Every structure is written in structure tokens, then in C-alpha cells.
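Construct all of the structure, not just a fragment, from the sequences and the given hints.
Going down the list, the sequences are from chains L and Y. First residue of the first sequence: 1, per our numbering; consecutive thereafter. First residue of the second sequence: 1, per our numbering; consecutive thereafter.
Watch out, some of these pointers could steer you wrong.
Claimed, not checked - Take a look, some chain L residues computed to stay more than 10 Å from chain Y by CB distance:
{"hint": "1", "residue": "V25"}
{"hint": "2", "residue": "N45"}
{"hint": "3", "residue": "F100"}
{"hint": "4", "residue": "K128"}
{"hint": "5", "residue": "Y154"}
{"hint": "6", "residue": "T172"}
Said to hold, decoys possible - Distance condition first, Cα-Cα at most 35 Å in a straight line; then the derived DSBU-like pairs of lysine-lysine:
{"hint": "7", "chain 1": "Y", "residue 1": "K121", "chain 2": "L", "residue 2": "K10"}
{"hint": "8", "chain 1": "L", "residue 1": "K128", "chain 2": "L", "residue 2": "K220"}
{"hint": "9", "chain 1": "Y", "residue 1": "K121", "chain 2": "L", "residue 2": "K9"}
No wet-lab data here; the hints were simulated from the structure. From a predicted model like this one, the values you see are computed outputs, not experimental measurements. A virtual CB, placed ideally from N, CA and C, is assigned to each residue, including glycine.
Okay, here's what each chain looks like letter by letter:
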Amino acid sequence: MSSTTFVAKKLSHLLAVVLLVSLGVTALLSQGGTVAAQILGPNANAGQIAELERQLGLDRPFAERYLSWLADAVRGDLGESLLTHVPVTEVIANGFAVTFELMVLGLGIALLVAVPLAAYTARNVGGKIDTIATGVSSLFMSLPSFVLAIGLLYVFAVRLGMLPVSGWVPLTEDPVGNLRSAILPSLVLALHPMATFFRVLRSDMITTLQQDFVLTARAKGLNTAYILLRHALRPSLTTLVSLAGLSIGSLMTGAVISEVIFRLPGMGSAIVNAVTQRDVPIVQGLVLLVALTYVVVNTLVDILQAVIDPRVQTS
Amino acid sequence: MSATMTTGPGTRAAAAEDEDAPVRRRPPVSLVLCSAWVVLVLASTLLAGLLPIAGYDEPVADGATPPFESWPEFLGADSVGLSVLSRVIHGAQLSLAVAVLGTVIGMAGGVALGTAAAYFKGWLATVVNLLSDVVLAFPGLVLLLAMASVMRPSVWSLSAMLGLLSLPSSLRIAYANANVQLGRDYVLAARALGTPAWRMIVREVLPNITHSLVAFGFVMVATFMIALGALDFLGIGLPPPRPSWGGMIASGFDSIRTRPYLVFVPAAVLLLTVFSFNTIGDRLRERADGRGGHL
Chain L
1 MSSTTFVAKK
11 LSHLLAVVLL
21 VSLGVTALLS
31 QGGTVAAQIL
41 GPNANAGQIA
51 ELERQLGLDR
61 PFAERYLSWL
71 ADAVRGDLGE
81 SLLTHVPVTE
91 VIANGFAVTF
101 ELMVLGLGIA
111 LLVAVPLAAY
121 TARNVGGKID
131 TIATGVSSLF
141 MSLPSFVLAI
151 GLLYVFAVRL
161 GMLPVSGWVP
171 LTEDPVGNLR
181 SAILPSLVLA
191 LHPMATFFRV
201 LRSDMITTLQ
211 QDFVLTARAK
221 GLNTAYILLR
231 HALRPSLTTL
241 VSLAGLSIGS
251 LMTGAVISEV
261 IFRLPGMGSA
271 IVNAVTQRDV
281 PIVQGLVLLV
291 ALTYVVVNTL
301 VDILQAVIDP
311 RVQTS
Chain Y
1 MSATMTTGPG
11 TRAAAAEDED
21 APVRRRPPVS
31 LVLCSAWVVL
41 VLASTLLAGL
51 LPIAGYDEPV
61 ADGATPPFES
71 WPEFLGADSV
81 GLSVLSRVIH
91 GAQLSLAVAV
101 LGTVIGMAGG
111 VALGTAAAYF
121 KGWLATVVNL
131 LSDVVLAFPG
141 LVLLLAMASV
151 MRPSVWSLSA
161 MLGLLSLPSS
171 LRIAYANANV
181 QLGRDYVLAA
191 RALGTPAWRM
201 IVREVLPNIT
211 HSLVAFGFVM
221 VATFMIALGA
231 LDFLGIGLPP
241 PRPSWGGMIA
251 SGFDSIRTRP
261 YLVFVPAAVL
271 LLTVFSFNTI
281 GDRLRERADG
291 RGGHL
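See below:
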């Protein structure tokens, strides 16, 4: 398969998934009655609800609503909030910087801890550090992120008073203050990816270290760190790279939780607010963005795989 | 193999017995402890009504009481004097019911579709895989939030949501395992005998992939407990008055400075339960994998 058809095939798959996702979300959120009733409150009668539904265009057939929403969405118009009438794109733009920074920091922390630790423990299987790291990683897999967030907040912010309990300082205003407000939330995001990255890379590295070329490198008298980093790491990266793409999902989940607990003005807290107020257009826009990001990132990852390991493409 | 070599004096009878008997190792301590905890949680949840503790809505004190000051309500009381112990025990009921029910729904759908797709291949496999890509394209919590914005949460709707969300994962596992089995000679033999499709799937393939599926089921229950905890914590899970661990953590969060135990008791119970289900699932999977390797 040539590289153009490989990319073309990936892109058409991406388009199909995004279309089906947006259709699914619209179908899911099209139980209009609850929205109008929610806005008007419990004292509204059926006539008022029907009137509001007509104003909001919720009485049109489903296919018509979906197509007009899609046509607007393609032109970058995701509608506006039912309650505050702020455009959905503005809600996204406001929260984007916070969520994006948390996700980048979270992924960075996860990789910075997991990669060296995995390389080291793969070299020293059964050692003290290996036993501890493996045990801690399986504990981390079972630790719900909201429990971790509360635990971190209690220890570092409430007990030790080292870091702020809540609130957000934008990066452009004060880089140090920004880091102080972002460090605990991004640790929450980093937790699950860190544990999975560590486990997967460790077991892949162990397999790689049993290969003959590692023995050759050792026989040439190269030092251990050099062999681990220059010879063994790259062939072990394939699974880790796909996992890093898939971890966008758990990073997003972590962002929702930690933005709520640390009261940060990101997309995660926006979606939770919109859900509790049943502000459907905001939920719709944010969910579409999340799905789009997820699918695009994973398509890029598939292409990156072919760069790291040229054999991927031909299979 | 090495186990046969090291077992006792090599009388012929003992050796023959070892050949036939599966290699048995003593279960690790972690597995025993985790199983014990799961049994304890299940038993106290099912028998909550018979235990000598207060109801989840009966005050046992005038206000907040720290743990270890009274018996049998040894976990203290919250700000309105409700027993933390009895709320923790009753709080498990609905979460466990939803987690188990969701797992059953997701596994039933996933196994049916996954084995059918593996057997029939062709367009069915393409459609099933594309649809599971779509569902997997969402972070679970975000989809749960979207669903919660249009539905009133109930035991059934939550179970159905979780089941639907997890369906692609169990589908993938059933599909992959069934594919391996379908390439084996016994399937060829059964095919040669003219075995019809449903019989092939149910009687030949299914028994051989059950162990992997059961292991996955335990991990799924653990994942659902976390998801439900998060929903309850965010206030969009099952509505009060029934307590839930996530809800207890959320209401204790407001007074974390003065009464941290109101947060950390339910959090520890949740963590232990999730960890136990995960550990049991992991061990079962190791066993299932090991078995595949030895045969």
C-alpha cells in the first residue's frame, strides 16, 4: 500500500466516525421536552413548553434539525447557549486554554515518570524498585481520579498549605502562579496514563532486551544507559505511542474531574455546568469537539506509527 | 513443566497424577485478601437489613461524631448525625447493582455481536467494528455526562448506559478470542460434522473463551464502580435519599478541613473495592493466558 492511499484510507475512516458521532450525539440529545421544561421551571404548563420548543426549533423533524445543525457546524457556528445566549464557540474558546494546558502537562508528567522508570525496571526485573513501581502502578489503576484529586488537595493545599486550593492564574499573567495553580490538577490527569504507560512500556522493553541486537550492543562494550535509550527504546515504543493517543480519553475524564474539584474555568467544568442545567447546544458542541480531537489525534498516531516502524504501513 | 520436576519423590503414580492434574499454585496473599474483601462487601450489602446498625436515614447522634467513639456505629456520624457505617454499607447497594447489571448487559451484547462477527465475518464484521469505533471515540465520562443531561438517572437507565458504553470493549475481546478459537482444529472438525452456526458459537467457541470473559467482567465491574462514583460525586448519579459512596464523598468535601474522615472513609472503601475487583480480574486473566500458553 502506498503512503498516499494509507493516509487517504485513514482520513476517510476519520470522516465516517466523526459523522456518526455527531449524528449519535444529536439523536441522544434530541429529547427536546426536557430542555424546554427545564428552562421554564416546574410551574410551566404544556402550552408554554410547546411554545418555547417552537421558538427553539425543537419541534422540527429530527433529520431536518440534524442537517441544519451540521451545515452550521461545518461553517463554524455551533449555535448558542439556551440559557445565556453566549455562542457555543465562545464557551469553548474560553475554556480551551485551561483544559489544553492541563492535558499537555498531564501527558508530559505521565511520560516523564513512566518512560525512565519503565526502562530502569525492565533492566532490573524483580528488583526492589521494580516491585514497588509495579505495585504502586496497579494501585493507581484502581484509584478513582476524584479520590486522588481530593487527597492531593487535602495534603498539599489544606494541610501543608503549599499550593492554592482552587482558582486559576492564566499563563500570560504570571507563569509561576500559573504553574502553582496547574500542578495539582495536572497530577490528577497524569495518574492513569502514567500507570498504563509504565506497565506497557516495561513489558515491551523486557521483550526487546531479550533480542539478539541488544546482546550485540552489549558485546561491543556499550554502556547500559546508552543501550537502553538508543537501541532498546525506539523498537519498544509502538504500543506506547498508540496508548498515548488513546489516553486523550482518560486525560479528558481527568480534566472534567479536576476542573470541578479545583474550580478551574475549563471546558470540563463548562460541560458539567451545561449538563446540570440541560443546556443542550453547549453539551453538543463540547462533546463534538472532544470526539473530533480524539479521532484526529488517533489518526495522527496511526500515521506516526508508520514513521516509527515502517513495517506498520505495509501490513 | 518445572513444577512436575520439583514435586516430591518420583513414584510412578505421583508422576502420572501430576501429568493429569493442572499445575496448581497456592493463590497469592493479595488474591485471598481481595476476595475476602469482595465477599465482605457483598455480604454486608445484601444483608444490610439484618445487621445491628441504624438505617441510612436514622440519626444516631446529635451532630458530627468522629470515628471509634461508639459501637456498633464505629465509623462516626456526619453533620446531621447519620451513621457513616450504615451509609457506607447501604451506599454500596445501588452502585453494586448497577455495576453488575451494566456488566451483564454489556457482556451479553458484546459477546453475542463479537462471536457472530468473528464467525460470519464479511459486512457484519465491518459494521460491528465501525460502530464500536464510534462508541470508543468518546471518553466514557463525557458520554455519560451527555446522556445524563437528557435522561433521568435510574438503576435501569444507568445500567443500560454503562452496558452500552462497555459493549465495544467486551465485543473486541470476544471477537479476538473467538477468532483464535475459530482457527483451531476442533472447529474444523465440528464444521466437517455439519454443525450449524449457532451451535458452533454457543457449544464450541463460547465455552473456550469464557475464562477470558469472566476475567474481563471483574475489571469491568471495577471500572463501573469508578464511573458511578464520579457521577454521584458530580451530583448527576442516582438521586437521594439513598446514599452512595460518591455522594458521601461530595457532601463530606465541603467540610474536609474540619472533618476529613467524612471524605476518607467512603473514599477508602471505594478504593479497596475497586482495587479488589481489579486484582481478581488481573489474576484470572493471568490464569486464562497461562492456560492458553500451556495447551
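Hints, verified against the model:
1. V25: Non-interface label on V25 (chain L) violated, nearest chain Y Cβ at 6 Å vs cutoff 10 Å.
2. N45: holds, 20 Å
3. F100: Per Cβ check, F100 (chain L) is outside 10 Å of chain Y; nearest 15 Å; holds.
4. K128: The claim holds: K128 (chain L) sits with its nearest Cβ about 18 Å from chain Y, beyond 10 Å.
5. Y154: violated, 6 Å
6. T172: holds, 28 Å
7. Y:K121 to L:K10: holds, 21 Å
8. L:K128 to L:K220: holds, 29 Å
9. Y:K121 to L:K9: holds, 20 Å
In summary, the numbered hints that this structure violates are 1, 5.
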